[in-house]
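2 protein chains.
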Amino acid sequence: MAKPPVPETVEHILNYHVDEIINRPLLAEKLRSGQILRIKLGVDPTKPDLHFGHAVVLWKLKEFQDAGHIVIFLIGDYTTRIGDPSGRNTTRPILSAEEIEQNAQTYLAQVGKILDIKKCELRRNSEWFETMTFADIIKLLGQVTVAQIIDREDFQTRLRKGLDVGMHEVIYPIMQGYDSVQLKCDVEIGGIDQKLNMLMGRDLQRKFGQDEQAVMIMPLLLGLDGAKKMSKSLDNYIGINEPPAAQFGKIMSLPDNLMMDYWELCTPASSDELAQIKQELADGTNPRDIKLRLAKAIVALYHNQSAAEAAEAEFINTFQKGELPKDMPMVKIPLEPISVVDLLVATGLVDSKSEGKRMIDQKAVKIDQQLISDPDQKIDPQVDMVLQVGKRKFAKLS
Amino acid sequence: MAKPPVPETVEHILNYHVDEIINRPLLAEKLRSGQILRIKLGVDPTKPDLHFGHAVVLWKLKEFQDAGHIVIFLIGDYTTRIGDPSGRNTTRPILSAEEIEQNAQTYLAQVGKILDIKKCELRRNSEWFETMTFADIIKLLGQVTVAQIIDREDFQTRLRKGLDVGMHEVIYPIMQGYDSVQLKCDVEIGGIDQKLNMLMGRDLQRKFGQDEQAVMIMPLLLGLDGAKKMSKSLDNYIGINEPPAAQFGKIMSLPDNLMMDYWELCTPASSDELAQIKQELADGTNPRDIKLRLAKAIVALYHNQSAAEAAEAEFINTFQKGELPKDMPMVKIPLEPISVVDLLVATGLVDSKSEGKRMIDQKAVKIDQQLISDPDQKIDPQVDMVLQVGKRKFAKLS
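The listed protein sequences correspond, in order, to chains V and R.
Residue 191 in the numbering used here sits at position 89 of the first sequence, and the numbers go up by one each step.
Residue 160 in the numbering used here sits at position 58 of the second sequence, and the numbers go up by one each step.
Looking at chain V on its own, in the form it has when it is part of the complex (with noise of 0.2 Å):
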């Protein structure tokens, strides 16, 4: 048995930013029961780089974990090893057992930031899928159908329009979902793309005489661009061990009309707090002002106070005072006549020319404070030059 339940807590893992259980009522009678429960995330060992949309996912654990709950990390390491076959999608890169262990630690080392990470399991699918035979796979397949599978929107969708849908595809749903048998697993958490494979972790586990997992689906967190899921790919992400300053700047660099969802999703503000936030905006303070608040509360949470203070205290001396920041990189380059262009790539400021006479052309770039209207402006590079692209990018020559 877990320590007593505290019924505030329990309310409080159900309700709090979720938005929806299935099996809630289950659910909700094994929390108050105060039996330990095995909740599950999955984890893509290929992308070890967490932001704050993951961890809306992870602060949720957190309510588990503290009320003495098993939070279980599942590493699907041996599908990342087998990768696509049909080498078609390439969001499935091939890893070597190597660095998908490597990915793993690189995780937990994030995760620990917010988990207790003693107190996690940490588990690998090749536990199970290394030693299954073909016999154990057939047995397993015949316990879902193609219908099942294959109704899926994401399937129908590709199938309808021609597109070639891999056999091997159709299988992963399915060792995701024989994932929580093997784990016997109470809870499932993810995002709404994980629903329907959280699904048929349930369907497994009936199907193998074990209680069925609920599923908890959370929110998604919009990404810096207000439009899209926050993602590494979209470069549109806040990363949980970013630098404070990094952190900071980028916080402050969201559409006011997002600051509620981070206030809600990425602080432990509590309900009270919201609703006055909220009233202060409404009653016209300065949502500069609030978004400040908001970029300290956050970089507190990931690093700590003095760290947020500074952070705060950099940034309203660089951004709103137009001043330089103290700290930059140094980069050395050869110091010879080099057109704009090139130099902002050679100090990595942009990563290809066409990137640099995009942001000439959005008059981003700046050299000594003189903003650049000629990508081919010939430069004479000089020591203690500084370079300025956007807001935020900075380099001086060393």
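Honestly, the hints are just simulated from the structure, not real lab data.
Don't take every hint at face value.
Because identical chains cannot be distinguished in the list, a pair is counted as satisfied if it fits within a single copy or across any two copies.
[Stated by the list, open to error] In silico SDA-like pairs for lysine to any residue, Cα to Cα no more than 20 Å straight-line: (1) K352 <-> K393; (2) K241 <-> S228; (3) K263 <-> A249; (4) K241 <-> S198; (5) K241 <-> I196; (6) K380 <-> L265; (7) K241 <-> A199; (8) K309 <-> L265; (9) K286 <-> K393; (10) K352 <-> F496; (11) K241 <-> R183; (12) K468 <-> Q484; (13) K241 <-> D266; (14) K493 <-> Q137; (15) K221 <-> I481; (16) K241 <-> W230; (17) K263 <-> D253; (18) K493 <-> N419; (19) K309 <-> D266; (20) K241 <-> Y274.
Please arrange chain R on chain V, whose structure you already have, making use of the hints.
The following block gives chain R in isolation, referenced to the frame of chain V:
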């Protein structure tokens, strides 16, 4: 190299009693080159009783074997040991390794009536499936698309009707195809019902960098009912292992309009001989006489000439002269009053009361040569009493 190919033999293999050959040009080229080819027949180890329908394929295999090629009997032992894990398909009973091996030996013993077993390869798909890992299987499945599998009419029909198709079922065709890869087959032979599975073999061979096998679709033999494919479950079959009298009697019960099919598919008659028989029928020869020749030719094939002649004599004696057969099974039952229908069941002449009643309704039951019309009629069984059901089932009480 095989012995130098005889052009007539090559033409015979390509043209004699074949419904369709896919990849015919390559097969013709290989046959003419003198290369030794590998011809696979998939064998279902759950049905060791071979009938004339199977024999159509075996005779074609004999042509290949006589020309120096290698005939491979592939026992699907691995899948048969699994059966149907969903329990829905009762035609897929689970057999033990011992039962499968015993069935395989029974199968071979029967095949030995047609082919030289010593020159055949007997293979089992457990050879490759037993050691495959989940990763291997996913790589194999990655070679096939979902559309390729579910576009099959058999699956489509069931899916459209909302009937369950188990995920394991869609794996079986891929396994069968992979057998051809493992065996490096040049030809796979089978009935039209196997066509899609055999084409899967071609797809996979191409994916694995092999020549695509030719697929030889053999004609289906209609059963004794003249309506459906010969099959044991429809009880419209003639077994290649049945005794001369049984084979002879069953052939004589064929509808006249099937006779030429049987001449073509069940005897080694040449095109000239077939043409001559057709002419005789057209000229008004009594079909019964042609059928007697057919029965004799077939019994001679599976037994020998003298057995064929004895069976003919017995048949004429029993059925054409209305006499009782010389040897009847003796059955011992309690000599107490009993209804006719119970007596039929007790002596094993029918499988159930309802079958007994149906036979009596059809005026097919006689006791001591007297037609019975009332199933409930009470009988005092006596030693040497002769019971008869239909034309060929007899029992004598002892």
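Any of the earlier hints contradicted here, and which numbers? Result: hints 6, 9, 14 and 15 break, sorted rising.
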